[in-house]
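Chains E and D are the protein sequences, given in the same order. Numbering of the first sequence is given in UniProt numbering, commencing with residue 1 and proceeding in unit increments. Numbering of the second sequence is given in UniProt numbering, commencing with residue 1 and proceeding in unit increments.
It is possible that part of the hints are untrue.
Stated by the list, open to error - Label-pair restraints from in silico Cβ distances:
no., chain 1, residue 1, chain 2, residue 2, range
1, D, Pro26, E, Ser56, 14 to 22 Å
2, E, Gly9, D, Gln142, 44 to 52 Å
3, E, Ala79, D, Ile5, 26 to 34 Å
4, E, Ser56, D, Arg215, 18 to 26 Å
5, E, Thr60, D, Pro231, 33 to 41 Å
The set of hints was computed from the structure by calculation and includes no laboratory data. Here the structure is a predicted model, which is why all the values come from computation and not from measurement. Glycine included, every Cβ here is placed at the ideal spot set by N, Cα and C.
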Amino acid sequence: MDTTQLLKGVLDVAVLAVVAGEDGYGYDVVRRLRAAGLRDVGDASVYGTLRRLYSSGALTSYVVPSDEGPHRKYYGINAQGRAMLEAQRADWREFAATMTALLETEGAAR
Amino acid sequence: MTAAILLAHVRAYAAAVRSELADLSPDQVDDLTDGLEADLAEALEDPRGAVATGEIPIGRPAGASVDGAAGSSIIDLTQRFGPAAEYAAELRSAAGLEPAAQPARRRPVRDTFAAVASGLQGSVVGRVRDASAPMRSSATWQALAAFVVSLRPVWWLVRGWVVFVVLGAVQDFLTQPGDQHFVPRTVAGWLVLGACVVASVQVGRGVGHTRTWSRRATAAVNLLAVLVLLPTLVSADDTVARRLAGTGAYPVYLDAPAIVRPENGVVVDGMLVSNLFVYDAAGNPLSEVQIFDDRGRAVRTTYDEGQQSWSLPGVAEQWSFLPGSDDDGRKRWNVYPLSGLPASELEYDALTGLLQPIEAAMPRTPPRPFAKAPAIVGSTAGSATAPATDAPDSPDATDPPTPAPTPSLPPAP
């Protein structure tokens, strides 16, 4: 199965979950997602998702200057983001349960 | 590998990504790519960098044989992140922004069509871009491009005017068909023209240029203006020429079918004459009279050498004429009345393709308008003795005067 397609649907909630754990900048979030097992996640997809979540008001953002290189843009979750994360978490549980039930039943019938 | 060199490459890649987002507003581009350099640099230096996609993290030279310094001194960030265009597209789609050339997913048919079109457009544009890259990088091209760009305000003005003309044409069409207006005649017209020009210039300067639909509308108006411009100019030129012609101040040349007037022949009352009938002072018809003008030139009525047929008044058949001939055997076409033959006594010669009298044909004088003309007062009696030696008259000769004969060809103008 093409997991990149699956990933597209859940990248929002995954990014929210990572940022909810701790504030992070772009590549930091990528690294944490990959460390969590989403190895196929694309850098630019994560950056774009962060920007979109920020634009929709689910994340806060602040810039941290760096002495040795370009500045980093950190993202943190806010109340709206937490609400969104909770809602999507519930959605995911329901969806995952439905899919699991469906696939298990189909597998048993065979 | 020093951090500075790495950073320079990262900056270049980030710039390439930003240039792929050039259709977005500066704010959007900033929003999307703020901090991109830091993320790129860190991704490159991450020893646990994404191996899943097969990239080679700079921080961990690929392959044992590659010396760290030598192997990584050639940096191609597209190996790690992919082409900047794809990177930008991913960034854009993840951020929920529409792709540069693809419409929102709403109508399957339109989407398919648009996808094919944009694919074609993309490949064409890409090929043109690739093929013209060496040319475009030349100094001459740069100078030319800068020159053309400096002309953009002129186009804004022209575009405003074209929109004004189109609006005027639409209004004329809706109310009453009249002359197209290329220059406003009323205060309201000037206001409309001013509004069109201001709007065009403002759009050209990028006001309200952030939304996709407004960019598309601008593109559509540009296309329309380019298409309409040439016909409009031609039409304006025509109108000006017509008005100038109306003033009579300038000569105006019009294309019209030329009316070919016969250069030769005898014309009476605007009508070509086919034959002349001569009467003496006593009013008696004469025959075999040679007529010359004051310069001694033969006066000829027909120039068809007997090949055309003429309608004669009151005669059903068409006639063709025959020349007289002088002592030397030369044909004389100024001997009047011309004798001739009705069409039934002529045939086409198979060899020459010319009309020839049949063997039994008897050339004769066509019917006269009248047998006798009024006598001239004070005429000498001698003329009255002139014998009428002409060919036998047809019975029609006694008919009352009839209008002049008309040739069947060419038609009288």
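Tested hints:
no.: 1; hint: Pro26(D) to Ser56(E): 14 to 22 Å; result: 21 Å, holds
no.: 2; hint: Gly9(E) to Gln142(D): 44 to 52 Å; result: 46 Å, holds
no.: 3; hint: Ala79(E) to Ile5(D): 26 to 34 Å; result: 44 Å, violated
no.: 4; hint: Ser56(E) to Arg215(D): 18 to 26 Å; result: 23 Å, holds
no.: 5; hint: Thr60(E) to Pro231(D): 33 to 41 Å; result: 57 Å, violated
The structure does not agree with the numbered hints 3, 5 stated previously, though it agrees with the rest.
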